[in-house]
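Novice: Protein chains in written order, with our numbering: chain A, 1 to 421; chain B, 422 to 583; chain C, 584 to 1085.
Hint data in this document are derived by calculation from the structure and do not stem from the laboratory.
In this text the structure is predicted, and so the values were computed from the model without any measurement.
A couple of the hints might just be wrong.
Stated by the list, open to error - Derived DSS-like pairs (lysine-lysine); straight-line CA-CA distance at most 25 Å:
#1 Lys-188/A to Lys-425/B
#2 Lys-36/A to Lys-26/A
#3 Lys-143/A to Lys-439/B
Unchecked claim - Here are a few chain C residues that sit away from chain B, every Cβ distance over 10 Å (derived from the structure):
#4 Lys-661
#5 Arg-712
#6 Arg-883
#7 Lys-894
#8 Ile-934
#9 Lys-974
For every residue, glycine included, the Cβ atom is placed at its ideal position computed from N, Cα and C.
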Amino acid sequence: MTPMIKEKLITRNLEIENLYKIEIYKKYEGYQALRKALLQMTPEQILEEVKKANLRGRGGAGFPAGLKWGFVPKDIDKPKYLCVNADEGEPGTFKDRFIMTNNPHLLIEGIIITCYCVGIHTAYIYIRGEYEHVAQRLEQAIKEAYKNNYLGESILNTGFSLNLYIHRGAGAYICGEETALLESLEGKRGHPRLKPPFPASVGLYKCPTVINNVETISNIPIIILKGGEWFVKKGLPKDGGTRLFSVSGSVKNPGVYELPTGINLKDIIFNYAGGMKEGKELKAVIPGGLSAPILKAEEIDIPMDCESLMNANSMLGSSAIIVIDNETPIIDVLRIIVNFYAHESCGQCTPCRNGTWWMKNIVKRIFEGNGKVSDIDNLLRIANNIFGKTLCPMGDAASMAVRAILEKFREEIENYIQGKE
Amino acid sequence: MSLKFSPEAEKQIKEIIKHYPEKQSALLPILHLAQKEFGYINEEVENLVAQILDIKPIKVREVVTFYTMFHQKPVGKYHIQVCRNISCSLNGAEDLINYISEKLGIKVGETTPDQKFTLSVVECLGACEHAPCMQINSEYYGNLDKKKIDLILERLNNDTDD
Amino acid sequence: MIKIKINGKEYRVKENLTILEAARQVGVEIPHLCYHPALEPEGSCRMCLVEIKGVPKLQLACSTSVKDGMEVETDNEKVREARKAVLEFLLAGHPLDCPICDKAGECKLQDYYYKYGLFEDKFEEEKPRRNKLVRIAPNLILDQERCILCTRCVRFLREITKTEELGVFNRGKESLISVYEQELVENNYSGNLVDICPVGAITDIDFRFKMRIWFLEKKKSICPICSRGCNINIHFLPETFPFKRERRVYRVTPEPNPKINGYWICNLGRYGYHYIDNDRILVPSKRNENSEKLEEISWREFYEDIGNKIKVLIRRKKGEKIGAVVNLSLTNEEYEILKVFFNQCVPQSEIIVFGKEKGKADNFLLTEDRNSNTRGAKKFGFVEKKIDIKKFLSNKELVIFFGHEITEHYAIQFLSEILKSIKTKVLIASNKGPLINLMDYILPSCVVAEKEGSFINCEGITQKFNRVLEPLGKSKSEIEILTSLAQRSGIWRNFLLYRRTG
Chain A
1 MTPMIKEKLI
11 TRNLEIENLY
21 KIEIYKKYEG
31 YQALRKALLQ
41 MTPEQILEEV
51 KKANLRGRGG
61 AGFPAGLKWG
71 FVPKDIDKPK
81 YLCVNADEGE
91 PGTFKDRFIM
101 TNNPHLLIEG
111 IIITCYCVGI
121 HTAYIYIRGE
131 YEHVAQRLEQ
141 AIKEAYKNNY
151 LGESILNTGF
161 SLNLYIHRGA
171 GAYICGEETA
181 LLESLEGKRG
191 HPRLKPPFPA
201 SVGLYKCPTV
211 INNVETISNI
221 PIIILKGGEW
231 FVKKGLPKDG
241 GTRLFSVSGS
251 VKNPGVYELP
261 TGINLKDIIF
271 NYAGGMKEGK
281 ELKAVIPGGL
291 SAPILKAEEI
301 DIPMDCESLM
311 NANSMLGSSA
321 IIVIDNETPI
331 IDVLRIIVNF
341 YAHESCGQCT
351 PCRNGTWWMK
361 NIVKRIFEGN
371 GKVSDIDNLL
381 RIANNIFGKT
391 LCPMGDAASM
401 AVRAILEKFR
411 EEIENYIQGK
421 E
Chain B
422 MSLKFSPEAE
432 KQIKEIIKHY
442 PEKQSALLPI
452 LHLAQKEFGY
462 INEEVENLVA
472 QILDIKPIKV
482 REVVTFYTMF
492 HQKPVGKYHI
502 QVCRNISCSL
512 NGAEDLINYI
522 SEKLGIKVGE
532 TTPDQKFTLS
542 VVECLGACEH
552 APCMQINSEY
562 YGNLDKKKID
572 LILERLNNDT
582 DD
Chain C
584 MIKIKINGKE
594 YRVKENLTIL
604 EAARQVGVEI
614 PHLCYHPALE
624 PEGSCRMCLV
634 EIKGVPKLQL
644 ACSTSVKDGM
654 EVETDNEKVR
664 EARKAVLEFL
674 LAGHPLDCPI
684 CDKAGECKLQ
694 DYYYKYGLFE
704 DKFEEEKPRR
714 NKLVRIAPNL
724 ILDQERCILC
734 TRCVRFLREI
744 TKTEELGVFN
754 RGKESLISVY
764 EQELVENNYS
774 GNLVDICPVG
784 AITDIDFRFK
794 MRIWFLEKKK
804 SICPICSRGC
814 NINIHFLPET
824 FPFKRERRVY
834 RVTPEPNPKI
844 NGYWICNLGR
854 YGYHYIDNDR
864 ILVPSKRNEN
874 SEKLEEISWR
884 EFYEDIGNKI
894 KVLIRRKKGE
904 KIGAVVNLSL
914 TNEEYEILKV
924 FFNQCVPQSE
934 IIVFGKEKGK
944 ADNFLLTEDR
954 NSNTRGAKKF
964 GFVEKKIDIK
974 KFLSNKELVI
984 FFGHEITEHY
994 AIQFLSEILK
1004 SIKTKVLIAS
1014 NKGPLINLMD
1024 YILPSCVVAE
1034 KEGSFINCEG
1044 ITQKFNRVLE
1054 PLGKSKSEIE
1064 ILTSLAQRSG
1074 IWRNFLLYRR
1084 TG
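Use the sequences and the hints to build the structure in full.
Specialist: Spelled out as structure tokens, the structure:
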């Protein structure tokens, strides 16, 4: 059993009341990283630290942040943009809400440093529409930052200017996909775009754009303060820093847990989240948000990092751990999954639009008692037909999530179909 | 008989448009304002918003019908949106949905005759640590059970500010 | 130029092409639905997925550019499986409407299923129900069940006509294409939506339920409705059709021509073909002097009657008593004959020119000039000028009118008055019109679809066209008529001479 980790990066100082107010935040190293970055470092030096930190995207795709920033063309006469992805729609995930509600200035500070590094003067936080109060808190924090000359014209008298705006979404999971986010920001339907070209060269309003998750950006201040090498050591060599794990489901203590990348999943559930609820046994775990292929009870002895989970045919995704107990019929889980993807499909491309709808209808029929065992094979076939053929990764997510359930819990589903227990 | 935003909202709209180099970007924020002000987004509202942004009304409707938070028909004073996704379901969401449905005497998707409550089911609200959750208008309510729901609905039912 | 391999064979292609374009140029067809050469790539149908060596995931041919050394497989196992998958998804949500759908026989879903599908149907759920009769335009109906959301129609109206009458509403499988309230698609190019819809979702009210396309033959022609000279295909029932032919022509579609009309034609040209079969003058006739009624005569009679009159007038050196009223929609070859016949073989004869009234031009293909061959006429010296019609008619004994165009310039009452004094008035026209009641001889001529010849379009491009249909009834082309008339008018030797020497 790994000892209780005391080191907190993002969640440090959270026990302090009113940390979301700037005067409190400033008392506890707040905006020190900004000072260091703007007054003592060059953009190249900042990029170097972020690269050394091996900071991988915390939204779900896990793409190295330093690499992404490096793709933005330097000498270009178009404006550049930063979009912070606060859409947090992946079921089971609530860590970004946690950060923005309790420590909004940490995010803002990270944003300013990021923009200074890449040469961006306009940034947007795209926040899901349902987070109305969170958005209000962010607006308040942004106002405070402007008042303190951390935003606006010539920040800290360096000549570097930045405007930061909140942009609320309106209820569409697909807008968490980076190009759909851009479309939504441009006032259109959230239809993902073809890639290439990538947002780093052709993004918002066809200009170079960096899109990063809330948690990713919130790690920037500590990377500046303590350095990239320090940050890496808090996690794994190829996957630096800590992660905020959203733990929910049938556990005693659901919540956000900041733990080193690579910590064992079993550890998280039993040593941090209090283990299973009274009288329940663990049946399965979805390790990285609904899109992550499910793990059976015997598969949860696994380090939580991108590579390990990929090798186990699952994914770290948004680090959202959903614990399923033995009283939950797996058909319910399957039903939730297919309903979710069918509901959230944007409808642009054939395999996802028709495939998710088809799967939903088959599972509905099974659930209502009119299923056949051959339906399982048909579902697998459909999921395979969706995989690798869609315009955006959501099709793959739907496909993988469904396939994992069908492959790992086939017997239980067959029993359900045949009316057995 | 032409529809107008309140002077308060018009001020906000002017400010919002400044945030973006292209006017159409202000469509979502303005639709949120429109929904708050007019309750729902019908043809008249679509035309008003289209006019403000110099775009065709069809573009407004394309957006309104894509996003689940925008309504083309009126919703009750209190829009009860219960999460039906994984963590909430693992914590008894389905039972609670049925409970609310029975208590209010309406099916999912319907509105009570006094126009006070509309019941919807939604996908993950991003508050799974408090599962099961629901959102009523802009407020989140978590760690729900039948008793809590009774209290919440009673309080809302008795509120007289209109 | 760069080198690429397609299905193992090496080709040299231009840079900056997409795989689909490059393959097409070398004769390899890659199936596609949402792609259209005149529109920006969309990438949503997923039908054109191909395998590129070294790339694990299949890529879209319509939006991936070729690179030097690229090796593409468009027909291996993996690609075929992907195509089948996409087809299956499309068909799963598609109604089984073939028996009642106009598109049958030219439907991409059918074609691709036969070529790439042929799989067992594993769909057992209920098909989605949508509105099958959405009136999106005065001339168009949208069937939302058949729609595969390729969005070609939406993009056409956004990129080509820039009118954006159609939009996509809702999300996921609930997605629907429609218009906004009562703002229908009312531009002059809406008919093209039927052509670009790969399935039978958008149908033409003009053609709906009228004819199965496999009964129709199609041949190329030129649209005569304005001076653009758009290339068209005329779809007609051949005489071998086993049942009664109610009419010949059932529809007109564009023939792509990058120099003239691109992939499109306007609605005037598309729906303006009914004159080919309707209201035609079918037989030569002569007005009975006593009863004033028109009686059918033979062509021979006409040639002899009028031929004699011309012969006599020429012998008496009274050529100036012969006149012709010519329009601007004859072929180059016909103008040449007219010039020879009147200017060179009948000395002192006079020709005046009347074209159709100007119309409104749109910013695209339709020109103000609604004549088929103004520039061709000009080349042979026939130009519309301001003339004193009374003076022209004052000394005439025989006037031959080609077409009814003169009635667009003078009121019919007025014409009736001033034509009274002319001894012999001949009308050579394809369709009935206002001049008929004023004429002594009425001869049926061919429409453009029944002739061969050439037009010069508004930009000076000469286009040859061939006969598509057999002349209706007893109609003949103007060349035939004038040639036969020349034989009977005593000018044959000169006629042949000038024709040869030009």
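Novice: For each hint, tell me whether it holds in the structure or not.
Specialist: Hints versus structure:
| no. | hint | verdict |
| --- | --- | --- |
| 1 | Lys-188/A to Lys-425/B | 23 Å, holds |
| 2 | Lys-36/A to Lys-26/A | 14 Å, holds |
| 3 | Lys-143/A to Lys-439/B | 16 Å, holds |
| 4 | Lys-661 | 34 Å, holds |
| 5 | Arg-712 | 18 Å, holds |
| 6 | Arg-883 | 63 Å, holds |
| 7 | Lys-894 | 68 Å, holds |
| 8 | Ile-934 | 52 Å, holds |
| 9 | Lys-974 | 56 Å, holds |
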